[in-house]
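Mind docking chain C on chain L? Use the hints.
Each protein sequence line maps, in turn, to chains L and C. Residue numbering for the first sequence follows the working numbering, beginning at 1113 and increasing consecutively. Residue numbering for the second sequence follows the working numbering, beginning at 1113 and increasing consecutively.
Treat the hints as calculated values from the structure; they're not laboratory data. All figures in this text were calculated on a predicted structure; none of them were measured in a lab. A couple of the hints might just be wrong.
Which copy is meant is left open, because identical chains are indistinguishable; a pair holds if it fits in one copy or across any two.
Straight-line Cα separation of at most 20 Å, EDC-like style, residue types lysine to aspartate or glutamate; simulated pairs [to be verified]: (1) Lys1634 / Asp1698; (2) Lys1634 / Glu1508; (3) Lys1798 / Asp1586.
2 protein chains.
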Amino acid sequence: MVQIAPVADAGVTDIYVAGKIYGFSAATWVLMAATGSPGDLASDYASEIDHDKEIVTPYYASYLLDRYDVHVEYTASKNCAYFRFHFPRGLPANLFVTSRGSAKYQVVSPTAFESTDDSSGVRTYLYTEFSKALLPPATFQPSKTAAGLLPSGEQPTGLTFTGDSHQDVLEARMGFSYIDAAQAKQNLRAQIPNWNFTAAKTQARSEWNDALSRIFVKGGGSVKQQTIFYTALYRSLQYMKDITEGDRYFGPYDHSVHQAAGRHFYIEDNLWDTYRSRHPLQTIIEPERQDDILRSYVIMYEQSGWMPHFPYMQGDLAYMIGNHAAALFADSYFKGFRDFDLQKAYEGLRKNAFEATMLPDRRQGVSELEKFYFEKGYFPALAKGQKEFVPEVNPEMRRQAVSVTLETSYDDWNIAQLARALGKTADAAYFAQRALNYRNVFNPATGFMAPRASDGTFVADFDPKWSGGQAGRDYFTECNSLVYSFQVQHDVAGLITLMGGGDKFIARLDDLFNDGFDGQLKFVFLSQFPDSTGLMGQYPQGNEPAFHIPYLYNYAGQPWKTQKRVRAIMRAWFSDEPLGIPGDDDNGAMSSWYVFSAMGFYPVSPGRPIYDIGSPIFNDIRINLGHGKFFRIVARQGSARNKYIQSAELNGQSLDHPWISHKDIAQGGFLIFHMGPNPNKQWGSKPSAAPPGRD
Amino acid sequence: MVQIAPVADAGVTDIYVAGKIYGFSAATWVLMAATGSPGDLASDYASEIDHDKEIVTPYYASYLLDRYDVHVEYTASKNCAYFRFHFPRGLPANLFVTSRGSAKYQVVSPTAFESTDDSSGVRTYLYTEFSKALLPPATFQPSKTAAGLLPSGEQPTGLTFTGDSHQDVLEARMGFSYIDAAQAKQNLRAQIPNWNFTAAKTQARSEWNDALSRIFVKGGGSVKQQTIFYTALYRSLQYMKDITEGDRYFGPYDHSVHQAAGRHFYIEDNLWDTYRSRHPLQTIIEPERQDDILRSYVIMYEQSGWMPHFPYMQGDLAYMIGNHAAALFADSYFKGFRDFDLQKAYEGLRKNAFEATMLPDRRQGVSELEKFYFEKGYFPALAKGQKEFVPEVNPEMRRQAVSVTLETSYDDWNIAQLARALGKTADAAYFAQRALNYRNVFNPATGFMAPRASDGTFVADFDPKWSGGQAGRDYFTECNSLVYSFQVQHDVAGLITLMGGGDKFIARLDDLFNDGFDGQLKFVFLSQFPDSTGLMGQYPQGNEPAFHIPYLYNYAGQPWKTQKRVRAIMRAWFSDEPLGIPGDDDNGAMSSWYVFSAMGFYPVSPGRPIYDIGSPIFNDIRINLGHGKFFRIVARQGSARNKYIQSAELNGQSLDHPWISHKDIAQGGFLIFHMGPNPNKQWGSKPSAAPPGRD
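Bound-form chain L, shown alone (with noise of 0.2 Å):
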């Protein structure tokens, strides 16, 4: 059992001012108190919080809203919210109640009221009653600066209510669905059946630590250490939603109630985002969900005619490129998940390799551009000085198409490793093919992946750092040609080929780690890729292309530098302070790296299940596989100077190559590092050693 480390209130927009508090994940509502007059209760929105005694944990949190001396309890179930108000006596007990959209109202009793709200295109259910009866709610008028902290366009509505002045003690519960207003009552009373606070709170608690025990981790790394691990294996757990209710779930892709017979419907998910680290991470520590979100997956593309990349509540959202769920597929498959109908999966990958557009933002067939791709091998991007005039192409977003095709080989690789599986020979030697089609955006001239226009030249007046217009979208995503001509996670070996050898690569990698801003000033260079958070010389890990790129230093046979270089970051980008991290989390993703690599190691190539060796932080690190089975890595000697790895063993035997499979992790095992102050260089650095990087 593992005492809950504290979440910090982390996050890279404003959130220690903006706040995060007033909600739950589920919904959009908000719920507010104070004992002034209700016109003025929307400044206390953020501002008005003593973050010095503000008490945050993943189960609960306590508040003090200063300017009324109001403290704030809450705590939360799955589909539920429990809030709990101390007044100051003698003072009137005013709740404002609101959601950001347009939300309608019906009050039910003089405690309760039941809502819904349409404002995110799917209609959502809340049941929400108050421990004492309020006098009568009267609605509530938005301030400026209520308002300023909302979405652009959207204005609080609400209800006021207004108490007596002589409670001090006031509670809110109130119950989501996404299926009906009775089954939100429904799950209020299943989930948070009394007016008892401490118990609903003692629940969470149990169910969180429940959730984070699944890592133990000990010793070496320091105590701020030990809350950024936490904190992050708190948000890589955030997703999926499991959005079941009931044994029921609204099916967000036929818009219609179903029953769960038992399994879990799983939504909210950026593939492009998360096949990197949070769902191989999951594949480690909730494997019993893996299988249902696979299945969710397939129910999605049987109900949508398209194998989603962003299932969302509002459908597949059109963002990023790539048809990654190949990736999400593969590596579960090849790690043993098989409770899913493969088949059916595979269709959906290979329909979208076919049918989809590979254009960035778009949800529709293909263009001219992919019947190119097909022919030709690489997507490609305009001459320099040509117009748009594909019809299809997303005018803001423009074609990325060095991004697309390096996303799409990797993709393809994937499909074949599961058309092999599934025994279908043809089609897997016809994506094994297509996952070559990277070698065909490498300009040897140049020694960088770059755009290469329909006739087969390549785009005149190419620069790796600084080409492609705004966040480099002409043609590449987030980021620039420094960072994408590394994207080539399944065929690391072949990536070494074109660049010239081992050394080389070696020195691009330096070159990546070194490279500045060509005497611009820092602001210029983030203003064209603001996505390119958390620098490191042009290495950003704000932003994941960039995740896997030092683990590569490991095929090259300098395992010392990936150490030396996970290291770095971890010291220099992650935190427990306000600002804890580098980029936005999406949904996990960032904050799975932080797992990964603060226990020593990281999936270059998800699909291939095998983890790239780095550095771990902790001297002890347990992972509870259920079902009593354990994979323990002790790190032996192991400190902030200690962090070069000296000789390892696995099960007693001698490790000596930086990579373990999945299997030696599933199965159980203790992996034992030998750590020092300095780099052990010959540890993995033979060519034998290198991880796999070819099928």
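Here is chain C on its own, set in the frame of chain L:
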């Protein structure tokens, strides 16, 4: 005596990687070492440091260049640097010496060379000695990596020395001078007379210990906060630079060498930044330097004909706006510093006020815009859609018309105070009237400071958050009107009246801390206002115009909110991490804000010798004033939680107002705060308790 705290390796640029360690602050020289082939060395610039083993203190640094296992130690004196390199035995010992510019080298013996460098626009001289003879030096061929870390267009050039393979320790010491080569050598002989690294290090430690011991803090704050505090103090103490060498100095404004006659000549200042916090801090902790600093300014005025704002070796740099030497002189004078020629200083300030342009980033005579200002009392902005027609305006920096009016009003108030002290009654009345010009750019219709065209109308369609173009430069200086509307340091009472009274003023302050990006992504805002970092709402702690704003609650009866805000800012935006401060340090301006705020007070209006009380983070603060005098601040029961002042006593008398005078500090004394977890909203809240906000 205080233990010197380790200095965190902090900064807002990528200093963690780019490093600051291969030179010493007075020069631009770079010295490197490695055992590899000379052609490879440049890549050691930065990324080859093992940051987890580095030691960085004010007096000593130690690094491992882990690519070649070379251990580097470094210490310094006022004009010299001393390196000690430990090479692995049996490997060749190479040294590579370079500067950032086109330096000239002359080898004067097998163990020494002289060099000069003109690349900064001022000739610098270096005399470098090695502890052992080296093989003949060869010209270094620059590599791409080294070039990438240097300012744009500059190529590293230098010499490579190749040692034999048996020496494992090699030392280098360098003397620096602005005067000549002989003085460079003489500085080395005087300051680092022996090949004794330990002695040099001990001496440097002692000097920094004396400097940092001026403030002793204990209790309440964490070890981390002590590290942040002493790091900030260390940075504050680095400016201005005393360039006196052997009782002579090179006069940067007349390019000749002068006798110092026992005084010291100071250079390198950014008055736009430093008048606010760094200079006021110096009047407390290093008063013995203040008169010479004032005399240096007077000398520069005499030599150049203008009172400088950004005095550097290259002359008065044409940056920013204002005549802020007025604040420096008035603040010093009214704090009792009088060993300088006030008449001459006043002459210079007055000349600037009448004959120098107010235009941003210009140093020249008046244009038609100043003539307009003298007549109408505000700096005119262009009307909407009007094209710039005044040839003197810097096309990139534009007019910054509202900020010019506001900052000039403040400077003129300072000049008025000095005129009164000098008995210049007419001048005093004239400048006191000009000090009210801020009212001319306050738009009562909107409540914001706003641009006004030459016809007297306010510019149409003005948005206080977004208008003004890049960095707000049409109307403002790096910040928007939300911030600049509080830029009336000298007449807060008048500003409160303009804004409609205390309650509205408080609401406006709250709005600033709550406001957002109007639904835009944060980077859109930062692209326009890249200096507005360290945001809390729209309050930008990362830029100087914000610094006094959290203390303004004191002026409207809510000191508890000042206490709350400054604690929240210190907690959110200052850390001992690699990225430890929220914006540029600007010659110690940012660090001095922290030193003041951590001690519990801050000067809202330099020129008026009072300090506004915030909330000290330590429980016992002793300022050593010299001559056996101390000012001691005790915060009873103070902690992260207990940040609110319940009551206070100064020298045994109840202190009921949230400010103290400079005299209270400078004469020594004892200030006690009684701290608690909840605000005492009464303390300091009476109108009569407000700090003097008007003269």
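Determine which of the earlier numbered hints do not hold for this structure and return their numbers in increasing order. Violated: hint 3 alone.
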